[in-house]
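**Q** Residue numbers (this note's numbering), protein chains in the order written: chain A, 6 to 140; chain B, 4 to 75.
No lab work stands behind these hints, which were simulated from the structure alone.
Please note: incorrect hints may appear among the correct ones.
[What the hints assert, rightly or not] If you want the footprint, here are the derived chain A segments under chain B, 3+ residues with CB under 8 Å:
1) 21-28
2) 31-43
3) 49-55
4) 60-72
5) 78-85
6) 113-125
All of these numbers come straight from a predicted model, not from anything done at the bench.
Where is the CB? At the ideal position from N, CA and C, for every residue including glycine.
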Amino acid sequence: MEPPSQITANAVAPWSRPVFLVPVFGLVSVVGGLFPSFSLEANLYVLAIGGVMTWLGLSGRLPRRPESRRLGAGAAWWLVPALLLALVELVSAIYDSTPAHPTISLLLDPILDLYLARAIAYFLWLGAFWSLVRR
Amino acid sequence: MSVSRLVTIGLFLTGAALLGALELASRREGSRIPPLGELAGLVLRYRSGRLPVGRIAMYGFWWWLGWHFFAR
Numbered sequence: 006m007e008p009p010s011q012i013t014a015n016a017v018a019p020w021s022r023p024v025f026l027v028p029v030f031g032l033v034s035v036v037g038g039l040f041p042s043f044s045l046e047a048n049l050y051v052l053a054i055g056g057v058m059t060w061l062g063l064s065g066r067l068p069r070r071p072e073s074r075r076l077g078a079g080a081a082w083w084l085v086p087a088l089l090l091a092l093v094e095l096v097s098a099i100y101d102s103t104p105a106h107p108t109i110s111l112l113l114d115p116i117l118d119l120y121l122a123r124a125i126a127y128f129l130w131l132g133a134f135w136s137l138v139r140r
Numbered sequence: 004m005s006v007s008r009l010v011t012i013g014l015f016l017t018g019a020a021l022l023g024a025l026e027l028a029s030r031r032e033g034s035r036i037p038p039l040g041e042l043a044g045l046v047l048r049y050r051s052g053r054l055p056v057g058r059i060a061m062y063g064f065w066w067w068l069g070w071h072f073f074a075r
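Only chain A is shown next, with the shape it has when bound in the complex:
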């Protein structure tokens, strides 16, 4: 295994390493899971987290992962699940998201009412947000 280059080693801030970020995201998720939907706390919390992430992503303060390759025609495969999910969601929305035609939100709401599921979902959302910021 090759040692990391000097540029890479210098570019990555210590606080942006997984050993620091995973516990921080865990703590943020554990707290975020406490706030119920429609509460002022939940709104302010998501607003603050999204604001920090967006600022980090747009300010260019963090080094970005290098582009690995050019995308080819194989990328079109991603349209299959994307269009399927979008179509089902659209049809359910047209039916006003009833129990007979539920949207993803209606299906996930009872699950996200459970603290553990909510905290895990927070963690996944944060992790994906971070991944977008670093790209």
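Guided by the hints, dock chain B onto chain A, whose structure is given.
**A** Just chain B, lined up with the frame of chain A:
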């Protein structure tokens, strides 16, 4: 449980399973399918002049998604 509800849930699960299958397929040696992260990277790099349109759109969408599920 109504048939339409079962079909709807089944289609959502199919879509989710396809996403997982494609991500797995993309990680095989020599795969022509790019991982979802690379696709996101392509959108993120899209600019209109000096405006990082792709980043604004992707961060905005992901921010909204979090607000939609955790706050609204």
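**Q** Does each hint hold? Answer for all of them.
**A** Structure-based check of each hint:
1. Evaluation of the coverage hint for the region 21-28 of chain A: breached, as 0 residues show C-beta separations to chain B shorter than 8 Å, against a requirement of three.
2. Coverage of the region 31-43 of chain A by chain B holds in this model, with 4 residues showing a Cβ closer than 8 Å to a Cβ of that chain against a need of three.
3. For the region 49-55 of chain A, the assignment as covered by chain B holds, since 5 residues bring a beta-carbon within under 8 Å of that chain's beta-carbons and 3 suffice.
4. With 4 residues carrying a beta carbon less than 8 Å from a beta carbon of chain B, the region 60-72 of chain A meets the three-residue requirement, and the given coverage holds.
5. Counting residues of the region 78-85 of chain A whose CB falls under 8 Å from any CB of chain B gives 6; the rule of at least 3 is met.
6. Coverage of the region 113-125 of chain A by chain B holds in this model, with 3 residues showing a Cβ closer than 8 Å to a Cβ of that chain against a need of three.
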